Amino acid sequence: MSIHRPREVSLFDASILKPAALAAFRKLDPRDLVRNPVMFTTGAVAALSTVLFVHDLSAGGGHVAVAGQIAAWLWFTVLFANFAEAVAEGRGKAQADSLRRTKTETLAKKVAALDATGHQPVPATSLRAGDLVACEPGDIIPGDGDVVAGIATVDESAITGESAPVIRESGGDRSAVTGGTRVASDRIVVRITANPGESFIDRMIALVEGAKRQKTPNEIALTILLVGLTLIFLIVVASLPAFAAYSGTVIPMVFLVALLVTLIPTTIGGLLSAIGIAGMDRLVRFNVIAKSGRAVEAAGDIDVLLLDKTGTITLGARQAAEFIPLPHVGDRELAEAAFLSSLADETPEGKSIVTLARARFDFADPAAGSAITFIPFSAHTRMSGVDVDGADGITEIRKGAADAIIRYVADRAGRTPGGHPKELVASVERVAKAGGTPLVVARDGRALGVVHLKDIIKPGIRERFATLRAMGIRTVMITGDNPLTAAAIAAEAGVDDYLAEATPEAKLELIRKEQKGGRLVAMCGDGSNDAPALAQADVGVAMNTGTQAAREAGNMVDLESDPTKLIEIVMIGKQLLMSRGALTTFSIANDVAKYFAIIPALFLASYPPLQALNVMRLASPQSAILSAIIFNALIIIALIPLALKGVTYKPASAEVLLRRNILVYGFGGIVVPFIGIKAIDLVVTALGLV
Amino acid sequence: MTAAGILQILLFCAAVTAGAIPLGAYMARVYSGERTWLSPLLRPVERAIYKICFIRPETEQHWTAYAFALLAFNLVGLLVLYAVMRVQAFLPFDPAGQSAVAPDLAWNTAVSFATNTNWQNYAGESTLSYLTQMVGMTVHNFTSAATGMAVLVALIRGFTRRQARTVGNFYVDAVRSIIHILLPASALMALFLVWQGVPQNLDAYTAATTLEGATQVIAQGPVASQEAIKMLGTNGGGFFNANSAHPFENPTAFSNFVEMAAILLIPAGLVFSFGRMVADTRQGRALFLAMGILLVAGIAVCYQAEAVGNPALSRLGLDVTAGDNAPGGNMEGKEVRFGIANSALWATATTAASNGSVNSMLDSYTPIGGMVPMVNMMLGEVVFGGTGSGLHGMIVFVILAVFIAGLMVGRTPEYLGKKIEAREVKLAVLCILIFPLAILSLGGLSMVLPAGLAGMSAPGPHGLSEVLYAFTSAAANNGSAFAGLSGNTPYYNSTLGVAMLIGRFLVIVPTLAIAGSLAAKKIVPPSAGTFPTHGGLFVGLLIAVILVVGGLTFFPVLALGPIVEHLLLAAGTLF
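If you read the sequences in order, they're chains P and D. For the first sequence, position 20 (counting from the first letter as 1) is numbered 620 according to the working numbering, and the numbering increases by one without interruption. For the second sequence, position 395 (counting from the first letter as 1) is numbered 417 according to the working numbering, and the numbering increases by one without interruption.
Extracted from the complex, chain P is given alone in its bound form (with noise of 0.2 Å):
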């Protein structure tokens, strides 16, 4: 399977850059603006000091050059903040423009019942939910819906980047279509289940473009934080001038505001929805839909992560390795009889026994010749395998699960299922026990033997659990197993836990008894009768070929159907909170320096021994504010890269990332700003800004 990443755009892109320049100012809107309190205090205090400019320039006071720049860096600040924002959303505008590709006008072919022959067209944005639509190839599937009548194959490369059709039919757990793509072959009838604008595509465009972004909640915790953290330096700063008055300071208003303006945390508070809208973003080029913010979020709480066996933790196919004949059957006798059975067979499972027959026992293609019937795999027998027309009349040769090839053996023989030989059964429990799957093969109404499928863990897979354990997420499998089999192939992946002979309702009380521990539950699944858990998880992951039910009910839909996908999520979440936890410790770590700058600015006329303060030797006070003024504005533009990106995450234990990160954003952000400051100062003392 080919996976199309969507391109990767360049942070610098021009096509980005551009428009997201523009949008910097139209988010100059005040009601922009209010949803982020920190910026709009940054932008009324622009105002404010643009206001006094204005006033001292006709006024002619002291400090016109540097009050003038000041005001200029304040814009600046607050249009930095904008532009990231801009930035983050012009990345996932991109992808949503060619979304935006697949809802052209299209005319619908409405049917009014199920068995209607003819169909009236429609256009595609009056349907509504309930509404039946006919596709024929060649067709855009007009909206989200099942098949309710009829298979065919469907191109949904418009929205996974998968050029390979997929099928798509009515009943079982690969109903669900998507609005947008493509029908290849044949014909089906559709029940739409969302209304125009409710669609995926509708909700991965809102998504990515950012503009319909709630707040999660993280983010709104935070926003508080940032906003009590804002309201303490406004106290500071407002009370600051009766303590300067009594000192015999007059501090112009304009170094008041710069100083308010480099206390509060503008650094995150500029980056904070840039982060927000890239990690989205980052979900969706891993060609995840999140129906909510809050579902990324949690996925970086998760506790215990519930994986289905099967596409999971296993290859989907299993794979032949040993044949065991009974007593009186001799080893090639059984390899012969399931080579023949299994060369029609274009199962995985078929085609690995034709690998290992040949292996063993060099077995040729049958003569041109010959008259084999295949006879496919049905779900009411639960049988394959070929009639070979030879000279001595029909050879019947069946292969299926040891209880189907019983029946049939009982069947043959004109008796009721038992009585069948105690070695058979001993081996399909010798199989079962290490994990495997027994598959037995008959000839002519006589078992043979049994041939052993393995279940073939994933490469790489144990590895992936041994980082998530010592991200402190504990893996339970899920499988529809004997418990015996389960603990074999649990202990080979190397899962925490698991839980066999799974059903629906044992899963769904699995997720309750952990989420009643106080754990957060992730789990993907495809089928309706996952639903109930997918919508009981915290973090429910649908897979985009399962059914509409299981899609409705989780909070994220993989496009590519790739249920390993979830450990890939719960990072994004993780990185998506380290981003925000990193920038917040750095802008609040950055006041130290700011301090240093700015105090003794102020109050050097009054009190010429606070130069003592001054340890970055900063050439002049009204040098050491603009300069305290124009870092805090281009440490916004300098972070945008790794807001967008994010922290780089490598799993480790909280610890481990905790001293990591503390020692690089907490005591960077206390040492960064001494350098920057300076540096500036040297720069704006050099070019004679002052």
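None of these hints come from the bench; they were simulated from the model. Worth double-checking, as some hints may not be accurate.
[To be verified] List time: in silico DSS-like cross-link candidates among lysine-lysine, alpha-carbon distance up to 30 Å:
1. D/LYS73 to P/LYS815
2. P/LYS1113 to D/LYS544
3. P/LYS1250 to D/LYS544
4. P/LYS1278 to D/LYS544
5. D/LYS73 to P/LYS891
6. D/LYS73 to P/LYS1116
7. P/LYS891 to P/LYS1116
[What the hints assert, rightly or not] Quick look at which bits of chain P chain D covers, simulated, 3 or more residues with Cβ under 8 Å:
8. 791-798
9. 988-997
10. 1072-1081
All figures in this text were calculated on a predicted structure; none of them were measured in a lab. Cβ coordinates follow ideal geometry from the N, Cα and C atoms, glycine included.
Dock chain D against chain P, hints included.
Structure of chain D alone, referenced to chain P:
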């Protein structure tokens, strides 16, 4: 600094730690309702009180009911105290014939004692009758300490309970604090003080003829009983104006040592109780360590500043080095009996804990020496702090630290298994915000109003420090005074009273709301992905957050007060 001085400080730290650990274990048992060795004696008393007061101890309260009970209890106490002061002239036990306390002073004093601040704009021996001292001051020393402890216990329950609606019963927590902890400890302490020479009588003041032939009236009274709870309950309101510098409050070097240790004993013990009650003693140890490091750093800076003394003196050719017969350094305002080390130690300990008693006059400290107590209070009284209130303030900082840095591990921040979400952050920010609001707005106001400026006794940055100190002390509910400031004016009496009320109850209510919010949450079991809050890394982080969030708020005003005064002093300017 002298070897003897350092040795005494180390001995002090060892004594506090050694006493706090078993006391912490005892208090944890008391609050959990378990049997202690004092139960046979004290349980009947406790039960009798419930009966008399119609308290149903098994009835649990929602945090709002808990807060309401607490506020009502304190309001009634405040009003009674105010009334007693106003009518004391008509009440018995008044051998010195004290008249009614003026309304503004009575308001200030009533608020001061109800909020565990014990700021004193009065001189005890010339203002209050024995009855007022006993039923007013001493009783409030118990109830205000118990109030802080109750809030803490409710907050701890927030962490230990899962999906609960209630946080305990305020009356039960307060009664247990008094009956099982404060009363027995104070009884022991009072006996010790009497042994050391502290008076405990209801006699009239003694008129004595001095060697010079002058007449001196020697004040006395039921001192030991008040002194004991004054130290243990982090109250600090002295019987006499000179507080613990007075020989009747603090007669010997031994009493000085024990009184100092008593300041920190219960606040430090509660940190260990916390660890036991949340069933993870490492958590208690980590907080103890964070507090301990801040305390020792404060002591070191203060002691160093005082031991070096005033550079102006050395420039005059005076020898300020310590020798066998000379204390050296800055001895102005200090008791010769205690010397520099014990004075610096007391000043730091009393402001670290929200005690506020003094055995030396801070107005005479060097700028840096005097800044240490001020910074201790500005950090929010979380370095051990008041009984209960110190630790619950510290836990608010923990919540902030966990939230700020906790995101960096890629999970919703949690502390002790409780997720820290928008509601907790909002309430924690409110607690932190109240403090600069009270200090800086009222302090700033006093910098421009004539009534505020009139109170200063020194010009320049030292005057600023006096006012700043007063509002910091009031808002932090500490009660220590920088001295120098003439606080007994209608202006300061009323504004300081407001600062005390804000600093106390506007912090307690959100804290209880945090308790209620946490109690309703599930407990997330710890895993390798959980933010570890017991290691050295967390201790360092917590200290950094306290210093950055708490400290940086006040950096500008400190720069205009003690910092610039220190720099000017080095340059030769005195105030």
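Outcome of the hint check:
no. : hint                  : result
1   : D/LYS73 to P/LYS815   : 52 Å, violated
2   : P/LYS1113 to D/LYS544 : 13 Å, holds
3   : P/LYS1250 to D/LYS544 : 29 Å, holds
4   : P/LYS1278 to D/LYS544 : 49 Å, violated
5   : D/LYS73 to P/LYS891   : 58 Å, violated
6   : D/LYS73 to P/LYS1116  : 39 Å, violated
7   : P/LYS891 to P/LYS1116 : 24 Å, holds
8   : 791-798               : violated (count 0)
9   : 988-997               : violated (count 0)
10  : 1072-1081             : holds (count 3)
Consistency with the previously given hints fails for numbers 1, 4, 5, 6, 8 and 9, ordered from lowest to highest.
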